[in-house]
Amino acid sequence: MTEETTVPLKIVVLVKHVPDVQFDRHIDSASLRLDRSESVLSELDEYAVEAAVSLVESQGGFATGHEVIAATMGGKSASNSVKKALQMGASSGFHLNDDALAGSDTVATSKALAALIEHVGDVDLVVTGMSSTDAETSVVPAQLAERLNFAQLTHALAVEFDGASRELTIRRDHADQTLSLTAALPAVLSVTDQANEPRYPNFKAIMAAKKKSITEVDLAGIGLDAEAVGASGSRSVVLDATARPAREAGTVINDSGQAGIALVDFLAEQKLI
Amino acid sequence: MPSALVFFNELSDAPSKAQRELLTLASRFDRATLAVASEVPQSAQDVVSGYGVDKLLVAPGNDDVFIDHALSALAAAVKQSEVDVVLVANDNFNREIAARLAVRLDGAVITDAIDVSADLVVTKDELAGSYSAQAKATHGTLFVTVKPNSIEDAPQAQAQGQQLEVQPLDYEAAATPAIRIVATEAKAVSDRPKLTEARVVVAGGRGVNGDFGPVEDLADALAGAVGASRAATDAGWISHDAQIGQTGVTVSPQLFISAGISGAIQQKAGMQTSKCIVAINKDVDAPVFEIADFGIVGDLAKVLPQAAEEIRRRQA
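Protein sequences, first through last, are from chains A and B. So the first sequence is numbered by the numbering used here: it starts at 1 and just counts up by one. So the second sequence is numbered by the numbering used here: it starts at 1 and just counts up by one.
Note that these hints are calculated values from the structure, not bench results. Please note that a few of the clues may not be correct.
Stated by the list, open to error - Under the rule of at most 25 Å between Cα atoms (straight-line distance), these lysine to any residue pairs were calculated in the SDA-like manner:
#1 B:K194 <-> A:D176
#2 B:K187 <-> A:S180
#3 A:K10 <-> B:A178
#4 A:K83 <-> A:T215
Build the full structure now, drawing on both the sequences and the hints.
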């Protein structure tokens, strides 16, 4: 991080409200959609918020006019993920809330999010986590780069921003190499859980977040038809989803000095050696 | 019967196991084309023709710019070959290529597939393998990213010696924002199989207490790969590349041996579709025993070396 940029940065960080991975998660057998009742901010999105906020701090801080807008799409409770991002330091929030969004695949989701980012306007940088912890496709950031014609800097292990040239450099694993990739803004940046250590909001930050605004918009408000998203805007459909039978516990033995041999006997029985 | 296109960003002298699995899947369709975004050596062409691929589209490109060349090459190959389904690997790079082109060409993308049927219904894992789902495209070309170890590699006997038509691919250079590759660092080369492709994985967690020696030794006795829990990689005991679980890689080997890993939900997410699971842990209450086909309550520092020695003795 050499020189600071003289032009304020407008950063959108995308956050998602997902079922808590600490508990068993379920797909509804009728709608084939995920049960979202016990949801939290996707753990991997905390790294995205941290990346956005620390980038601003490295460039003179929020007082110099930089913005970090936490944005999400989904039903009413989805705004909880935006609130958490505001506590971590984002300056304001955006919530695309529309019933027609339900059932969107990645093609429709990226369409809605791209329209939301264009609605926010003059965005220099979009930051996301490496993947949601529910659908786990990890491809929406790349699709956003495609739709917005932004540089795709995804799966970052480390991030550096040069304020003078307004270029981002990331490190990313690719095949048997680690690459250093550089591109000018505007860009879509997705960060891995290696990129930083997300901060824990203190009491002061939690209180300050209550004063920050969250703008709610619907599809019409960002210029999209209901048919553009949801099932009709998707290009794939889930036909069926069934829980795999739970694995059953097999034999458990206590090692009395010969367990290594017993292990090899088991592998031989199973024709694994 | 639909036609299939397989895409590789690179193809070395010897196609990898995951690449051979994709070629096997493609050979089940009416017509199988392969597009490669780099030069293809003759030895690799010979292997490819053994899978019944009748056409190879080759597009060597620019090494200094990230992702653009692969996107343009595959976009051109899809348009030129007019296929119904495009099959690519399930790693991040290929997933992103597939997802971007689904947007660019107004098609569909389905990730984490374990099979694609003749009528283009995709079987895939959901919620880290705790659900199995079926999905299909509703519009346009279907891009599928296929998990390694899902398809049994099987070259076709009758295809051996079949003529492979090799064509240079005509494509337009991309107009997307340039991402410059400013430095490359080779990763440490290992003689062990790739973690996501290995038939056998031996993984260590907090219980190895800093010493991966016994885990590596048993992996080598079984010609397997070495994995680790996040606790072990965060502690710096082993490279982050070895991490299995929610934020690492997902594995689905024939045999998964878990040593000193408790088996919390995030850890199970990365390995619960393994065919056979063996667990070694000091704690009789470790949740990993609930999903293990064979469990040993004991000290991994004693059990693993004894097992490795016994395997080598029997194989001698």
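Are any of the numbered hints broken by this structure? If so, which, sorted upward?
none
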